[in-house]
Amino acid sequence: MKKLMAMLLTATMVAGLAACGGSSTATTTAAPAAPAETQAAAPAETQAAAPANAGGIFHSVEAFPYASLDVHKDYYSWHTQFYGISETLFRINEDLSITPWLAESIDVNDNVATITLKDGVCFSNGNALTADMVKRNIERLGTENSRYAYMLDWNIECPDDKTMVVTTEKAYPTLINDFATAETGIMDLDGTEDFDKNPICTGPFKVKEFIPEGDCTVERNDNYWGGPVNLDGAVFYKMGDEESKLLAMQNGEIDGYVDIAAASAEIYGTDPDSYQLFTVPTQRRVYAYLNQNQLPDSVREAIVLAIDREQLAAYMNGLISPATGAYAPETPYGKVQQPMWDVAKAKEILESDGYTMGANGIYEKDGQPLNLTISCYAKRSVDTVALLMQEQLKAAGIGIELKIEEDPDGTYMSSHDYQIGMYVSITDKTGDPMNFLEGTIKSGVYMEVAGFGNAETDAMIDEVRYETDANKRAEITNAIMQKVYDSHDMLFIGTYNKNSVLKAGAVGLGVNNPMQFYGIDANTSL
Amino acid sequence: MIPVLLILTFIVFSLMYLTPGDPALMKLTSQGTAVTDELLAIEREKMGLNQPFLVRYFNWVLGILHGDFGVTYSDGQPVLPKLLNGLLYTTILCIAATVFSVIIAIPLGIATAIKKDTLFDNIVRILTFTGNSMPNFLISLLLMYFFCIKVKIFPVIAKASVSGLFLPTLATSIPMISKFARQTRADVLGQLGEEYVIGMHARGVKERVILYRNVLHNALGAIITIVALQIRTLMGSQIVVETIFRWPGVGSLIMNSIKARDFPVVQGAVLILATIQVLVNLVTDLSYCLIDHRIQLE
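Sequence lines, in order, name chains A and B.
So the first sequence is numbered by this note's numbering: it starts at 1 and just counts up by one.
So the second sequence is numbered by this note's numbering: it starts at 1 and just counts up by one.
Derived from the structure by calculation, the hints contain no laboratory data.
Beta carbons: idealized from backbone N, C-alpha and C, even for Gly.
Some hints here could point you the wrong way.
Derived, one-sided and incomplete: chain A residues facing chain B with beta-carbon distance under 10 Å [to be verified]:
#1 PRO65
#2 ALA149
#3 PHE195
#4 ASP196
#5 ILE211
#6 GLY214
#7 THR217
#8 LYS238
#9 GLU243
#10 MET249
#11 SER425
#12 GLU438
#13 LYS442
#14 VAL445
#15 TYR446
#16 MET447
With the hints as extra help, turn the sequences into a complete structure.
The following block contains the structure:
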């Protein structure tokens, strides 16, 4: 169909140009490539406790425009929670552990979870938070956001104002993780008049002014249930240009921001008296699919061994840290990892499979040089990672040609017509392995494009889905990932870092939390 | 004009259709989380991506004929108000920059033509060559550094206000002034060498009269052409200046929409910008008749 369309389009353009004659109108839409992101390594620092009620307005910037503050739609809650407007029943801590936030406790018994809400929690308009309001929020989220439509299948009852009982069809061990994601933030559905511009929530700040796709100004919520709030408010300017952010920071117009570029970090680093730099690894990882339908096992294994993640991360100047697995090795389900760099072994594997070193330093077999293609896209510096991989693989005797694809969503791999395909995704969204297993490893899912999926691991993934024992879940996940690593179908390369800067003396902005939706809170101060 | 726009709608829609990438997948994974096939299918259905090409195309064109440009894929908001809001700001910037450039460049061009090969002419030549060859991101950052950091007249974080308009106008104008001044100089010099000018000089007509009533009048056609060309280019190419100075124009909206494969926004923007270009062409052609009576409408 698309080929037919291309032919039709060409014919139409020719006809159109002929019809327009000499007075044809040329339309050009300028679309410069996005600048490569590179961010600097900076030592993580521990922040001092904030002084109480210090006041002041915190000024910061955000790069990406968005049209709404509706907590339940799309990913807008990542902003509302970052701004200290919305809060969830549970929260993910810096060590990825989950603790109650608006909730007091959770009691899980097979497929029934009883959640008790904290006493004294109220919205910024003074209305008390009730279990029924939480229930209605979950129902609204399921309706408004297709990623959470499955919540509509839950049976939720509220025996009293502070207790909510969630019954699922089968045991649902990630319920607490779901209630820790920003999208499950709670709004006062009765008190909110404009969900897009002024959601009424429970956080330490409330919306003062929001310009869709522009700036957002928040002010202190004097009814905050969690105690005194230090700041009077905050302003988040939309600013896409990195150099402008640097100048604004140097000019004292902003007090800090996250996702700083490497070049800016270097400049901030030269003045430690004025700026504090923070780096924390996120759960966003860059990895490569090694297509088993196009690459023999020996070549895939050699590729895995030929990549020096440490060196690659050093080149990336703080943007990424080395990663040898889908999950952080500190987590119970990240205990198995891929083997580290070993070029000698990589060459040995290729040679034992019949490859011989050619005159130009590239292995050959049956007279054919081992020249492969890496498909990648120019977003989040994936193309730079691919370029560095090209150099490292060449050193191991594997010739690489880079193919830059237009789309950053991995569609180019869905036809399975690639050899090495680069991709970036969050592998651990809520401190649990399930999302990545179900969305990437399970057979038949959209991003299972390397040919790994099989009935055995599918059954194991289903087991993880319903297993409530955390240790057992981790054990099964480690077993699944061991199979993935043994198949050499995926090569995990790096973990993206969250690099932030704060002016000297400022505290907060979630700089030490690996999750990107934690920003200012009651303790943030200037 | 209408056939041109109709053909354009087909070309734009087809290009968007052929562009690699799945808008539904990009929307669901915009923060990098994995999605299931079932969810993807639901989202595609909701966004109308499962419909055949021609059905989607005709629905879109019919909607436009009724003033409905559809809703964005990214947030479900109507496309037209977004585009009009962005276009308003881009138009303000373009008009301000063009007016400012013309006011500076034409007298400068005339002066350098009259004082050809003098020190003044040589200095202006160097400045205009420099202004013409510098990329606008560099001009923007230099202006920001000077006015915001050194002199501190303006804040780095500007607002979409009159004072916030100054720096983006200046950044846009510098290359334009350079182009217009060079063009004016060349056209005026060309006219000054014409026989009618020599004849008027011989008849003792005052220099000022020759210059402003005849030479400039005759040179205006070429100047208008380059100004019109520049306006057409400006409308769709302000992304860098708008991004650096946080000017909420249509450039950054288009850029973000292309990245997100938000086809309804890109299609609507291209269509509106193309319509504006066709209208600018029309106005330019009409202005030739008003300025030079030798040119008649047919």
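Results of checking the hints against the structure:
The criterion of a C-beta within 10 Å of any C-beta in chain B is met by PRO65(A), whose closest approach is roughly 6 Å, and the hint holds. Nearest Cβ of chain B to the Cβ of ALA149(A): about 7 Å, under the 10 Å cut. The hint holds. For PHE195(A), the interface hint is violated, the least distance from its beta-carbon to any beta-carbon of chain B being 12 Å, above 10 Å. At a threshold of 10 Å, the smallest CB-CB gap from ASP196(A) to chain B is about 8 Å, leaving the interface hint in force.
Residue-level restraint check for ILE211(A) holds (minimum Cβ-Cβ distance to chain B is 8 Å; threshold 10 Å). A cut of 10 Å between beta carbons decides the hint on GLY214(A): the least distance to chain B is about 6 Å, and the hint holds. Interface restraint check for THR217(A): the shortest CB-CB distance to chain B comes to about 12 Å, outside 10 Å, so the restraint is violated. With a least beta-carbon distance of about 7 Å to chain B, the hint placing LYS238(A) at the interface is held under the 10 Å criterion.
A hinted interface residue such as GLU243(A) counts as satisfied when its beta carbon comes closer than 10 Å to some beta carbon of chain B; here the least separation is about 6 Å, so the hint holds. Checking MET249(A) against chain B: minimum C-beta separation of about 9 Å stays under 10 Å; hint holds. For SER425(A), the shortest C-beta to C-beta distance to chain B is roughly 5 Å, which falls under 10 Å, so the interface hint holds. With a least beta-carbon distance of about 6 Å to chain B, the hint placing GLU438(A) at the interface is held under the 10 Å criterion.
At about 8 Å, the closest approach between the beta carbon of LYS442(A) and any beta carbon in chain B falls short of 10 Å, and the interface hint on this residue holds. The beta carbon of VAL445(A) is positioned within 10 Å of a beta carbon in chain B (closest approach about 6 Å), and the interface hint is therefore held. Given hint, TYR446(A) at the interface with chain B, holds; its Cβ is 5 Å from that chain's nearest Cβ, closer than 10 Å. Below 10 Å, beta-carbon pairs count as interface contacts, and MET447(A) has one with chain B at about 6 Å; its hint therefore holds.
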